[in-house]
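**Student:** The chain contents come next:
Number of protein chains: 2
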Amino acid sequence: VGLLGGSVGLSLRRSGIHVVGYSRRPEGCRAAVEAGAIDEGCTQLEQACEGSDCVVVAAPVDKIAELAAAAADCLEPHALITDVGSTKARITEELLQRWPVAAARFVAAHPIAGSEKTGVEHATASLLDGKVVVLTPHPGLSTDVVERAEAFWRQAGGTVVRMSPHEHDRHLAAISHVPHLLASLLANFPEAESLPLVGSGWQDMTRVAAGDPGMWTAICQHNRHAIVQQLDRFAAELAELRTRVAGPDPAELMRWLEAAKRRKQAVS
Amino acid sequence: VGLLGGSVGLSLRRSGIHVVGYSRRPEGCRAAVEAGAIDEGCTQLEQACEGSDCVVVAAPVDKIAELAAAAADCLEPHALITDVGSTKARITEELLQRWPVAAARFVAAHPIAGSEKTGVEHATASLLDGKVVVLTPHPGLSTDVVERAEAFWRQAGGTVVRMSPHEHDRHLAAISHVPHLLASLLANFPEAESLPLVGSGWQDMTRVAAGDPGMWTAICQHNRHAIVQQLDRFAAELAELRTRVAGPDPAELMRWLEAAKRRKQAVS
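From first to last, the protein sequence lines are chains A and B.
Each residue of the first sequence is one higher than the one before, counting from 1 in the working numbering.
Each residue of the second sequence is one higher than the one before, counting from 1 in the working numbering.
No lab work stands behind these hints, which were simulated from the structure alone.
This structure is a prediction, so every number in the text was calculated from the model and none was measured.
Treat the hints with care, since some could be wrong.
[Stated by the list, open to error] Listed next, the in silico SDA-like pairs over lysine to any residue satisfying Cα-Cα at most 25 Å (straight line):
1. B:K63 to A:R255
2. A:K131 to B:Q203
3. B:K131 to A:K63
4. A:K63 to A:A104
5. B:K117 to A:A104
6. A:K117 to B:W256
7. A:K117 to B:A251
8. B:K117 to A:K63
9. A:K131 to B:V146
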């Protein structure tokens, strides 16, 4: 029950839904109760899952498949499992290969509502409101299970879209994983003597570099293939940009900056 | 009298200093008076400068030297000229070479307080408060002129540091100009289908891409040499990052992400 799991809890509790949290550490349960994210906490997975209609696995991506499989063993037949992981293909493949019974009730999800902040103390009831939640159901799932997962995420405040795990991972590599790595690169980039001169541009561009290194290492491992592809594409575009800046025609650079401005304003 | 010039005006007027604005267009003067940025506006440069103690040239970098020279012709002997340009070497060289008399009273300055927003309507009295203002006085200036320029920028709310124009331009290429180009690159980077999925990370990292393309083209022209150098250094570090992500050792990637996090948190 951290930033995302806690926010799901806070959001659901607005509608009177009973939320049970799981944390191995009693302090983790206590903090989540105090933050209002859960009604009660359990340090035993089996106990936490007992009687649940839906389990949300809100863990680092390299822990999700195993935790989902463990939860599946404790659940009643109708209950479904979903997650909040930033990568989807490898989690789904791992479950399908190693835990096919759990996979039959696992609807992979990614609420696009992260932050560089972590911990239940930063969770808010509105974090998911209006945010896109990508569902990447595998073909083996029943329509009923997928529809219930959709209803669940809508209930939590999200706007649900569906695509395949690989599509998700390719998009996210381009718009989230590579940008995150670039933020870290920009944080490491300046010489120490330049740092006193940084302005709000650098501050905004490096904000996510304060995110959890362990979580992002796991994401990079999971989505390595798509990330490397997008890094190569970025490097190629960087080389073109270098030519544009070094070249003799300022009008061409200006047109490119204008296109970027239009792109940005269209998405804002 | 735009975002920066207007903010200097608003800030100085807090202390009861009389501020005269110059704009070729009467609407420009009117908007600046309405925003409270100036006491009065003039559409004639000569009239605007008459009786002034200090002239602040708040124009795109490719217009500053010429405007400073024009202002110098209208000023009383004691009056000094400063600016807000994001590049310093070429402006200083241009003045020294073409207008040495104007150069003798020109103390180049860069308040590090930009925004992607433009126009006097976004100016605020506190924009400069506590912000670094880099002064890059050339060796031909008298101590008195430089000290008065320092006092002026402190009065406007800034924290003054001094360095050479080339030092300034090298630092700013690394922490502002290259990051700005990367923001535009990130804005142009995603395929159209990925855009509905962007989250707050991408939004923050591309914020400055909404800045004025003309202004940034001029900055890239002025500081081309340092920017290209820093772009090459960035491309080399990007290639190393690619190796780190593609490579077999997640611990190495994690150490690098941890270093970036520490760097970011030390500057926040």
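**Student:** Looking at the structure, which of the earlier hints fail to hold?
**Tutor:** Those not satisfied are hints 3, 5, 8, 9.
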